[in-house]
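Kindly generate the complete structure, drawing on both the sequences and the hints.
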Amino acid sequence: MPELLARMVAGTTHLYTLLPIIEASDVTGQNAADVAKAYFALGSALDITWYLQQISSLPVENNWQALAREAFRDDVDWQQRAITVSVLQMADGPSEIDARLALWLEQHSLMVERWRAMLVELRAASGTDYAMYAVANRELLDLAMSGQALTV
Numbered sequence: 674m675p676e677l678l679a680r681m682v683a684g685t686t687h688l689y690t691l692l693p694i695i696e697a698s699d700v701t702g703q704n705a706a707d708v709a710k711a712y713f714a715l716g717s718a719l720d721i722t723w724y725l726q727q728i729s730s731l732p733v734e735n736n737w738q739a740l741a742r743e744a745f746r747d748d749v750d751w752q753q754r755a756i757t758v759s760v761l762q763m764a765d766g767p768s769e770i771d772a773r774l775a776l777w778l779e780q781h782s783l784m785v786e787r788w789r790a791m792l793v794e795l796r797a798a799s800g801t802d803y804a805m806y807a808v809a810n811r812e813l814l815d816l817a818m819s820g821q822a823l824t825v
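Everything in the sequence shown is counted per my numbering, starting at 674 for the first residue and increasing by one.
Don't take each hint at face value.
Straight line, CA to CA, 20 Å or less: simulated DMTMM-like cross-link-like pairs of lysine to aspartate or glutamate [stated by the list, open to error]:
id, residue 1, residue 2
1, K710, E696
2, K710, D699
3, K710, E769
4, K710, E743
5, K710, D720
6, K710, E794
7, K710, E779
Keep in mind the hints are simulated off the structure, nothing from the lab.
Set out below in structure tokens:
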């Protein structure tokens with residue numbers, strides 16, 4: 674494969690990440706650079722990158738599992754975008770993105786701790802299956818929805 678084509682194809686995997694950032698930018702009216710900073714800082718703070726890697730490594734034995742795995746990934750992307758929007762739309766929040774995120778995490782500490790406890794359980798598990806990720810995704814959804822209730 675020619676090097677230029679290989680680089681173009683390799684780069685497209687990262688373009689998918691831009692979709693929720695652009696959507697969050699449209700919703701909040703914030704510039705994409707600030708949204709990206711918040712999005713990736715949030716992903717780091719909640720260990721979402723690790724979690725998505727675990728979902729991606731789930732074995733697929735049939736079409737239903739392939740569909741479930743992709744649905745899990747889509748759900749996590751939506752939830753990360755929703756939390757990012759919630760962080761950026763905080764009323765009376767600090768203007769600095771990192772400080773705003775820290776405040777949001779503090780204000781939602783109960784739900785954040787539940788999410789982190791779920792990650793600890795996933796890390797400690799001797800094996801994982803689709804049911805575990807369905808439950809974990811629900812926990813992340815609860816966290817995302819807790820932020821929505823405060824910004825409406």
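Comparing the hints with the structure gives:
1. K710 to E696: holds (14 Å)
2. K710 to D699: holds (15 Å)
3. K710 to E769: holds (11 Å)
4. K710 to E743: violated (25 Å)
5. K710 to D720: holds (15 Å)
6. K710 to E794: The given pair, whose Cα atoms are some 28 Å apart, is violated under the 20 Å limit.
7. K710 to E779: This hinted pair holds, its Cα atoms lying about 19 Å apart.
In summary, the numbered hints that this structure violates are 4, 6.
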